Amino acid sequence: MSSSPITGRNQDRDSNVEPGDDARLDEHVDPLGLDEHGAGNDSPGEVKTAAAVTAQTGVTTVQASLLSDAWRQLRRNKVFLVASLILLVLVVMAVFPQAFTRVDPRACNLSLSKRPPSASAWFGNDLQGCDYYSNVIYGARVSMLIGVVVVGASLVLGVVLGAIAGFYGGWFDTLVARITDIAYGIPTILGSILILNAFKERSLWTVALALVALGWMTILRLLRSSVISVKDSDYVQAARALGANDRRMIMTHILPNALAPVFVYSTIAVGGIIAAEATLSFLGIGLQLPAISWGLQISQGQSLLRTAPHLLLFPSLFLSVTVLCFILLGDALRDALDPKLR
Amino acid sequence: MGRYIARRLLLAIPVLIGASLLIFSMVYALPGDPIRALAGDRPLPPAVQAELRERYHLDDPLVVQYGKYVTGLVHGDLGTDFRGVAVSDTIKQRLPITVKLALVALAFEAVFGLLAGILAGIRKGSVFDNLVLVTTIAVVSVPVFVLAFLGQYTLGLKLKLFPISGIETTYSYLLPGFVLASLSLAYVARLTRTSLVENLRNDYVRTAKAKGLSPRLVVGKHTMRNSLIPVVTFLGADLGALLSGAIVTEGIFNIPGLGRTTFQAVRSQEGAVIVGIVTLFVFFYIFFNLVVDVLYAALDPRIRYE
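These protein sequence lines are chains A and B, in that order. Residue numbering for the first sequence follows the working numbering, starting at 1 and increasing by one per position. Residue numbering for the second sequence follows the working numbering, starting at 1 and increasing by one per position.
These aren't lab readings, by the way, just hints derived from the structure by calculation. All values derive from a computational prediction rather than experimental measurement. It cannot be assumed that every hint is accurate.
[Said to hold, decoys possible] SDA-like, lysine to any residue: derived pairs with alpha carbons at most 25 angstroms apart:
hint : chain 1 : residue 1 : chain 2 : residue 2
1    : A       : K200      : A       : L289
2    : B       : K92       : B       : A102
3    : B       : K160      : B       : A107
4    : B       : K124      : A       : R76
5    : B       : K124      : B       : L114
6    : B       : K68       : A       : A183
7    : A       : K78       : B       : A138
8    : A       : K78       : A       : R334
9    : B       : K158      : B       : L174
10   : B       : K158      : A       : L317
11   : A       : K78       : B       : L95
12   : B       : K160      : A       : S303
13   : A       : K200      : B       : V48
[Stated by the list, open to error] Facing chain A, from chain B, some residues (calculated, C-beta under 8 angstroms):
hint : residue
14   : V142
15   : S244
16   : P301
[What the hints assert, rightly or not] Some chain B residues close to chain A (C-beta under 7 angstroms, calculated; not the full set):
hint : residue
17   : G18
18   : G76
19   : V139
20   : S141
21   : F281
22   : I286
Glycine residues also receive a C-beta, built at the ideal position from the N, C-alpha and C atoms.
Turn these sequences into a full structure, and let the hints steer you where they fit.
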């Protein structure tokens, strides 16, 4: 297969189709660049919807087989299965913490302060005597939410700006590139400290805002460069020749082929963002009490290292496993989506 | 080479201006109250607030404010903390300790990171290789502060191998230095391994082997040269992680450098100290990336002729 609709790494980019070059066009009308499957034999003047072409030439099966190829590889990948299973549990934990514990995390009994783990309180009790197991369970929500919100917002920002900058080039591209350079000059944690320092009340949304403000650049760069590498492909030129407008070319032809590296990065980035939130909360400039977050719990437990190490152990464990799972998931996705590695 | 360096320097100017503008707007132009950002949690009497507004030129137009802020930076004026000590004096006093810790960390990264990467790379697929891959991915996913507590608890409290607080001797730098290095160490090992494995497939390596050179020469002289290029680039970008890591590590291990000063300033909400030191860190970061860019060109002639 010469090109992959998933990653957009088109290897036969030697021929550049000029609009109006009929002889060439005759061979390259297939918007998905898969002319060995017979799509290239349609007459050049005929404008078709992607669905029509798909239905007529059976490209659906080809595309599906590529996706199912990736899926088949993922299904065999034990690391992927374990990581997604754990993440699934964590997502359920974030949405329905009540499914895991009936104990209210804020119902505390001071006489139980710093009790080590036991049969009645699996993770022991914290300084205020609250049940630590239910606190750690409830902590999943903040981490998951902030990871998804920050990466989601960065995706929207990065994909829209990256696609426009990569597709049109020109002054907008230059401007975006310069702004990206500048934002890259500021390390995420250091910059977040500066931003968050200006807020007295810090909620999950304030922390998310700071992390988005300093974390959108990589997605934009990845998308921009893969749009640039895809946009001159034969099938995009063919779509242009067929009269597709810019929006259509970007949305249906370029983006699907340029998104794979972005998705791989985003998956790993969720882990990084979760760690960043925990670090900020640990430092005391992220979330504030009475919010329930693993970073805050570790921060609270740090002075009790000698007397109650379990207060550090459990949130640290949950935090590290969550981050690890996102990294492993991203790794597995990369292996499955990048044909170069196969 | 000269032209390349000149171009890099010119490109750094907009980044510096942009970064200072960004920092300025983060601290002074955000919707939050800048006085609050500088003063912390405690409410200030109106007279003090007025004096602060005067001192930080808050009643001037933003452009004038920015101009005065930059002038202050250029003159090394980073404000004063609550005890009236100039932040720049604190920095002068604390910086050597942080630099020492960073050097220890860098040494760990260079020695253990490279060694693990090389050994894993030349024996791709071996038990050691897999061990390196698994350990590094585990280390990458554990946040620095968790690792610090883990080190403190096991190596410090339980095994009593290292002191867990303070800097009485150079020996006490080892554990915090290692914790600070751990994340980058893992990246260095992985990067070295990947680029070594890639380069060992090249024709020139086969030629060197065919000539009858010893494996040590093939790897050490012919392959390493090319494999180190991405590692060196990484070390520049990595300084950001090292600096923010220093805030956490110094805070936890009670090392009186710039990191702990920031750590404590965050906890006691001393805005001027936070802003001063973090600004300095950001400029360090930009400067070192510039140095790395130039180094990169010295290592890889292809870069110069782009």
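These are the hints, each one checked on the structure:
1. Between A:K200 and A:L289 the alpha-carbon distance is near 13 angstroms, which keeps this suggested pair within the 25 angstroms criterion.
2. For the hint linking B:K92 to B:A102, the alpha-carbon distance of about 16 angstroms falls within 25 angstroms, and the restraint holds.
3. For the suggested pair B:K160 and B:A107, the alpha carbons sit about 23 angstroms apart, so the restraint of at most 25 angstroms is met.
4. With a C-alpha separation of about 23 angstroms, the suggested pairing of B:K124 with A:R76 holds against the 25 angstroms cut-off.
5. A hinted pair counts as satisfied when its Cα atoms are at most 25 angstroms apart, and B:K124 with B:L114 qualifies at roughly 15 angstroms.
6. With a CA separation close to 23 angstroms, the supplied pair B:K68 and A:A183 stays within the 25 angstroms bound.
7. Between the alpha carbons of A:K78 and B:A138 the distance comes to roughly 17 angstroms, so the proposed pair stays at or under 25 angstroms and holds.
8. About 15 angstroms separates the Cα atoms of A:K78 and A:R334, which keeps this hinted pair within 25 angstroms; it holds.
9. At most 25 angstroms may separate the alpha-carbon atoms for a hinted pair to count; B:K158 and B:L174 meet this at roughly 17 angstroms.
10. Between B:K158 and A:L317 the alpha-carbon distance is near 19 angstroms, which keeps this suggested pair within the 25 angstroms criterion.
11. At roughly 47 angstroms between alpha-carbon atoms, A:K78 and B:L95 are farther apart than 25 angstroms, so this suggested pair is violated.
12. Between the alpha carbons of B:K160 and A:S303 the distance comes to roughly 18 angstroms, so the proposed pair stays at or under 25 angstroms and holds.
13. Using a Cα cut-off of 25 angstroms, the hinted pair A:K200 and B:V48 holds, with the two alpha carbons roughly 19 angstroms apart.
14. At its closest, the beta carbon of B:V142 sits 5 angstroms from a beta carbon of chain A; the interface hint therefore holds under the 8 angstroms criterion.
15. Given the 8 angstroms rule on beta carbons, the hint for B:S244 holds: about 4 angstroms separates it from the nearest Cβ of chain A.
16. Taking 8 angstroms as the C-beta contact cut-off toward chain A, the hint placing B:P301 at the interface is violated, the least distance being around 24 angstroms.
17. Because the beta carbon of B:G18 sits about 3 angstroms from the nearest beta carbon in chain A, less than 7 angstroms, this interface hint is met.
18. The criterion of a C-beta within 7 angstroms of any C-beta in chain A is not met by B:G76, whose closest approach is roughly 19 angstroms, and the hint is violated.
19. Hint status for B:V139: violated, given a least beta-carbon distance of 10 angstroms to chain A, over 7 angstroms.
20. Of the supplied interface hints, the one on B:S141 holds, with its beta-carbon coming within about 4 angstroms of a beta-carbon of chain A, less than 7 angstroms.
21. Contact between B:F281 and chain A, as hinted, is supported at the beta carbon level, the nearest pair being about 5 angstroms apart and thus within 7 angstroms.
22. With a cut of 7 angstroms, the hint placing B:I286 at the interface with chain A holds, because the nearest CB-to-CB distance is about 5 angstroms.
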